[in-house]
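Number of protein chains: 2
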Amino acid sequence: MEDDIRQLAQKARTAGHALSLIPAEARKAALLETARRLEEIGEPLWAANRKDLETAAALGISPAMLDRATLNPGRLASMVNGLRSVAALTDPVGETFDGATLPNGLRVVRKRVPLGVLAVIFESRPNVTTEISALGIKTGNSVILRGGRESLETNKVLVGLVRAACAESGLPEDTVQLITSTDRALVPQLLRMDDLIDLVIPRGGQQLQNLVKEHARMPVVYGGIGVCHLFVDSSADLARSIPVIVNAKVQAPSVCNALDTVLVHREVVAELVPAMVRALNEQGVQVLCDPESMSAAVNAGLQNELLAPAGEGDFGREFLSLVVSVKVVGDLEEAIQHIAQYSTHHSDGILTESYTNANRFLDMVDSAVVYVNASTRFTDGGQLGLGAEVAISTQRMHARGPMGLRELTTYKWVVQGDYHVRR
Amino acid sequence: MEDDIRQLAQKARTAGHALSLIPAEARKAALLETARRLEEIGEPLWAANRKDLETAAALGISPAMLDRATLNPGRLASMVNGLRSVAALTDPVGETFDGATLPNGLRVVRKRVPLGVLAVIFESRPNVTTEISALGIKTGNSVILRGGRESLETNKVLVGLVRAACAESGLPEDTVQLITSTDRALVPQLLRMDDLIDLVIPRGGQQLQNLVKEHARMPVVYGGIGVCHLFVDSSADLARSIPVIVNAKVQAPSVCNALDTVLVHREVVAELVPAMVRALNEQGVQVLCDPESMSAAVNAGLQNELLAPAGEGDFGREFLSLVVSVKVVGDLEEAIQHIAQYSTHHSDGILTESYTNANRFLDMVDSAVVYVNASTRFTDGGQLGLGAEVAISTQRMHARGPMGLRELTTYKWVVQGDYHVRR
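For the protein sequence lines, the chains are U and G, in the order given. For the first sequence, counting from 1, position 64 maps to 63 in numbering that gives the first Met the number 0; every step adds exactly one. For the second sequence, counting from 1, position 47 maps to 46 in numbering that gives the first Met the number 0; every step adds exactly one.
Check the hints yourself; a few may be wrong.
Repeated chains share a single entry, so a pair holds when one copy, or any two copies, can fit it.
List of simulated lysine to aspartate or glutamate pairs, DMTMM-like, C-alpha gap at most 20 angstroms [unchecked claim]:
1) K155 - E42
2) K212 - D194
3) K110 - D362
4) K110 - D379
5) K110 - D97
6) K212 - D193
7) K155 - E167
Keep in mind the hints are simulated off the structure, nothing from the lab.
Bound conformation, chain U alone (with noise of 0.2 angstroms):
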């Protein structure tokens, strides 16, 4: 078994490097075939993707899980659309920066080149196939997938599907290899070829990332993990301040950029809280109060199912549901104190109309993405600008927060003389 994993592997590695020659174009051409495709397959998806819908089912997996797992005609037509976004993005290969003349007269440059080859760990949704996929033709990377055996026979025919696009475009076949074992030991056998493999990106929980941890000897992009926070400083305009708070939250609430706690300075507490309260139990927005916001709620004559307690573990924790933290802060610094701790550095901002305040919040919330009045959900590479996203890193090295196509590659120094010698 740890042979065929390395042979893939290896296959990988070949076709990385006849695709970082293979032009631009061939490379784009390749990414539109495959929504060409894609938008003609019809039944042999959807009988792939009911079959793992069946499998699914009967291993008894949750609700959330099945419907990430599930393809309808609007996710197909959106990984379409996805293709040809990523098709029509510019190239980020070749490019070229910091290029100087030096006093001695050597010509220095650094040319952008891909990474080489690329392994992604995800679980369910299928889409994440397709846009990785994707990714990786238009930055001449190779790419190894391994996704949830819940989409196992759904993945099969989107790669399939992938590499006879690439042949007939012109790239190695192997440019898009899925392994479709599901044995639970081939991801710590896979870790271990850090000669084959340049970078892993593992796009799952907690438990997949401390696997990788534990086992990666080459570099790895972690993500995805938000525990965001919105700080509602007292000088904030409280009535533009709520629809923020609103929209952090129940936009999208099982993502990562989605919001978890809510820290209010004390001197905004009976303003704030009861109308905050009510506008998120309007959206079905459980909120976790701690004592003195539950008292304010409370004293506004507010009672519902939906209002309750906050225990310890509700703060640091990250909900992907409608369901919200609230904490009373006596100021600023106990607010960054509070970022501090708990969160995950991905996403944290503040609402107030204090420049000064705002300004240190930025300079002392050390996150991925730091927000001056504005929503967590605008973390995204997409609604930031990149075009793409590959995933939102929350590791220091290499890139930070969202990651976009540049970021899937390296590059190198070209130095050009005229029979220069170091003296």
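Use these hints to put chain G onto chain U, whose structure you have.
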């Protein structure tokens, strides 16, 4: 013991937080104060270094290692100069880039911030102690140093001096800490503390790198191992190529960017090899020839103890001394093949007058630095215009090739809105 190391790492984390908010001016002052103190320290430093050298001699350490561990007035002066030149560099912290106002009015910019806590594991040379301390202070990162036991006393004095200068300039003392225990088990312990250490830089040989690869849970920058090639194409100006080859080999034979293997196009063997071997021999370089280049040398009447046949193990070998291997290849493609197989992807070059071959070499050879008509010795942060050098990375993520100050930072996304919500 593990508790002590954890405590030390925690102090580094705390110092790192404080340091990231200390203005560039104060950090610069700490560097200048370190330089001043180093200039003045005198006897306590010499005494510590003598003690180290005695211990090292008793331990039976190699003459090369002993030499590297030895301080003298010249080396001290260059350490002092090093501190002053790092102090004079532009501070990358706070630099912003890729700023934009998005169509929805959100203002987005990326801002460089320190990485956090660096752990540097290195051997013998005490100049690394002040150099890494300086780079850490300059970039707002706290530093944990683990040097060789043959430099322990010297390092204690140096780090004591840096810490005193930090304290005097308003920086935390724990900006720089030295691990003084020589227990080898400490390194694996340190490498597990990914919650406290942001980056590990092992500055040592393959054995150290393997140890780090095995145990590190945090990002690592590997580097410093260079099996470097120059390919002499048939169109090269041979008379001008020989000085480049000699320079690449002899200007500093014990470092990673020194030349290890010359590949010679078959068409120019008879003309190049005798003159090249003579020029190298004159500089005391032993030349290990493959059969074809050996014939050319022998046919030209060369025969001496600095000319010997190359074994298979002499290709892909980092000599780190006045030895070079020579191999004849049939064409550019064979040279590219050889480099793909044997290079450590550090620094590789072509000597040619062919425009087409130069470009093909630059495209096909995937090394950190690729050269046309220049010595591999230019792979150096100072030489390539970075001002300082942290390490030469042979990995692909985060930084490739010479790493300067900028590569010791990360960035955060700063997003400013007017109570923006995502639609």
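- [ ] Hint by hint, work out which the structure violates, then give me just those numbers in ascending order.
- [x] none
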